[in-house]
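Each chain is listed here by its residues.
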Amino acid sequence: MEESLEQILELSLTLLMLGGAVCACVFKDLLNAVIAAAFVSLMAAILFYFLQAPDVAMAEASIGAALTTAIFVIAIKKTKRVEEE
Amino acid sequence: MRILISCVLLVILSLGLVFALEQAPFGSNQIDNADKPGRFYLNQGMEKTGAANVVTSVVVTYRGFDTLGEVTILFIAAIGLGAVFHSRKKVKRYEKEKQSASLILQTGCRFLFPLIVLFGTYVFIHGHLSPGGGFQGGVIIASAFLLLFLGCEEKKIPMKSMNTVESLAGIIFVGIGLAGLYWGESFLENFLPRGMDYMLLSGGVIPIIYIAIGFKVGAELAGIVAGLIERNP
Amino acid sequence: MFHQSTYFVGCVGLMIVGLYTMLTKKNLIKVIIGLSLFETGIYLLLVVVGYIQGATAPIFSRTTGSPAEMVDPTPQALVLTAIVIGVAVLALALSLTIRLHEHYGTLNLRKIRGLKW
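Residue numbers (this note's numbering), protein chains in the order written: chain A, 13 to 97; chain B, 287 to 519; chain C, -10 to 106.
It is worth saying that the hints were derived from the structure and are not from the lab. Here the structure is a predicted model, which is why all the values come from computation and not from measurement. Every residue, glycine too, gets a C-beta built ideally from N, C-alpha and C. Among the hints, erroneous ones may be present.
To be verified - Calculated pairs, BS3-like style, for lysine-lysine (alpha carbon to alpha carbon, straight line, at most 25 Å):
no.: 1; chain 1: A; residue 1: Lys89; chain 2: B; residue 2: Lys334
no.: 2; chain 1: C; residue 1: Lys15; chain 2: A; residue 2: Lys40
no.: 3; chain 1: B; residue 1: Lys334; chain 2: B; residue 2: Lys322
no.: 4; chain 1: A; residue 1: Lys40; chain 2: C; residue 2: Lys100
no.: 5; chain 1: A; residue 1: Lys92; chain 2: C; residue 2: Lys14
no.: 6; chain 1: A; residue 1: Lys40; chain 2: A; residue 2: Lys92
no.: 7; chain 1: C; residue 1: Lys100; chain 2: C; residue 2: Lys14
no.: 8; chain 1: A; residue 1: Lys92; chain 2: C; residue 2: Lys15
What the hints assert, rightly or not - Stretches of chain B that chain C covers, calculated by requiring three or more beta carbons in the stretch to come under 8 Å of a beta carbon on chain C:
no.: 9; region: 365 to 372
no.: 10; region: 415 to 426
What the hints assert, rightly or not - Quick list of the computed label-pair ranges, beta carbon to beta carbon:
no.: 11; chain 1: C; residue 1: Thr52; chain 2: B; residue 2: Thr450; range: 41 to 49 Å
no.: 12; chain 1: C; residue 1: Val38; chain 2: B; residue 2: Leu290; range: 47 to 55 Å
no.: 13; chain 1: A; residue 1: Lys90; chain 2: B; residue 2: Glu333; range: 31 to 39 Å
no.: 14; chain 1: B; residue 1: Lys442; chain 2: C; residue 2: His92; range: 51 to 59 Å
no.: 15; chain 1: A; residue 1: Lys92; chain 2: B; residue 2: Met287; range: 32 to 40 Å
no.: 16; chain 1: B; residue 1: Thr450; chain 2: C; residue 2: Ile31; range: 31 to 39 Å
no.: 17; chain 1: B; residue 1: Asp483; chain 2: A; residue 2: Asp41; range: 50 to 58 Å
no.: 18; chain 1: B; residue 1: Leu301; chain 2: A; residue 2: Gly31; range: 18 to 26 Å
no.: 19; chain 1: B; residue 1: Lys322; chain 2: C; residue 2: Ile31; range: 47 to 55 Å
no.: 20; chain 1: B; residue 1: Leu301; chain 2: C; residue 2: Leu85; range: 52 to 60 Å
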């Protein structure tokens, strides 16, 4: 099948995205959780490209991976860094 | 207890979603007849508006009122941020005890800042010809200002001129809508001539609106980031 | 069959993980991270619904074909609006978080709810 390579790529990207989401839920250090959320946004942007939506891919990559992470890091710097028990 | 209840709730919700989505046709051409909105926009979009990017003509012309509402929501978020951080008693000045950036970062950010602003401007000017548009270009310009905050600190960003640019861009957007009401038939109507295909000055009023939106979103998000950074802890 | 369920499983899984984080975590910033994950799942679901197999992106040029083999452009316009609104909500939520931390000294939701006024 000539489209099996694309299917394998989509499946691996989806699994990586779900793994990153579970990591963002589990990590105790808040900076690590924010970086996992940025990874989820990046995988979602690549999946948007595979779904033939280039405008949405550009918007998600720039807003989700760059601006959201920067705003989170500024907010973490002014509050606590580690999630307490 | 809380974890148990939320797990049960989430299992029920996921089962419901999976059963509902199993019936949805995925990947099939279910919009064959011409009276669905998607087919109508694809068939008529290029001839009536002249923009090569159909998503741009949908966002600006066919659903232009939603874009006006979205710009208003961004404006309200910026106002809310300023209102939350306003304090009546005097806060002492944040003494700069943090270390300055390294030499590589300082040189690099001085070199990269005009290039990133140029790239962002290219993205929102060519919004109707290639993938991109006002929002994407505005966010790229805001990330260039973020780099300036992190790298070189001796260059102060003039906040007053940012607020002026943002307000002027918003007024231009609403002004174009009212001009469409005056010269055409309805609010936000495309009243300029269509122009030739695939040229920069085509699509009527679409490039002008996207340029105004690009300036507004870029100045707004840079102002939000500046307001968050300079808040004294 | 295999092609279809991959995308739907990814969307629903992302939404479930985001909802779980919002419901059970105690730290306020973790709750906001969960909100962002949930919104990303919703965007994926909206774009997946408008996909047609074998079709191409809805942009005309001198080399593309007829509009009969293009993807539906309406969900993409809606998702573009939704992404920008999501970042505005996030900025306002984080500014309120910073203000709460200044006032109460902690970000634990159980303690903040317990304080009487």
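* Does the hinted range 32 to 40 Å hold for A:Lys92 and B:Met287 at CB? -> 26 Å, violated
* A:Lys92 and C:Lys14: Cα distance at most 25 Å? -> 15 Å, holds
* Asked: Can the suggested window of 41 to 49 Å be confirmed for the beta-carbon pair C:Thr52 and B:Thr450?
  -> 43 Å, holds
* **31 to 39 Å as the expected CB spacing between C:Ile31 and B:Thr450, which holds or is violated** => 36 Å, holds
* Asked: Holds or violated: B:Lys334 with B:Lys322, Cα cutoff 25 Å?
  -> 17 Å, holds
* For the range 47 to 55 Å, tell me whether the beta carbons of B:Lys322 and C:Ile31 fit it or not. => With Cβ atoms ~22 Å apart, the hint is violated.
* Asked: Taking a Cβ-to-Cβ distance below 8 Å as contact, does the region 365 to 372 of chain B have at least three residues touching chain C?
  -> holds (count 4)
* **Agreement of A:Lys40 and A:Lys92 with the hint, judged by alpha carbon distance not exceeding 25 Å** => 12 Å, holds
* Asked: Does the Cβ distance between B:Leu301 and A:Gly31 fall inside 18 to 26 Å?
  -> 23 Å, holds
* **Satisfaction of the hinted span 52 to 60 Å by the C-beta atoms belonging to B:Leu301 and C:Leu85** => Once the Cβ atoms are compared, 35 Å apart, the range 52 to 60 Å for C:Leu85 and B:Leu301 is violated.
* Assessment of proposed distance window 47 to 55 Å (beta carbons of C:Val38, B:Leu290) -> 33 Å, violated
* Asked: Within 25 Å, alpha carbon to alpha carbon, are C:Lys100 and C:Lys14?
  -> 13 Å, holds
Violated hints for the displayed structure, listed by number in ascending order: 1, 12, 13, 14, 15, 19 and 20.
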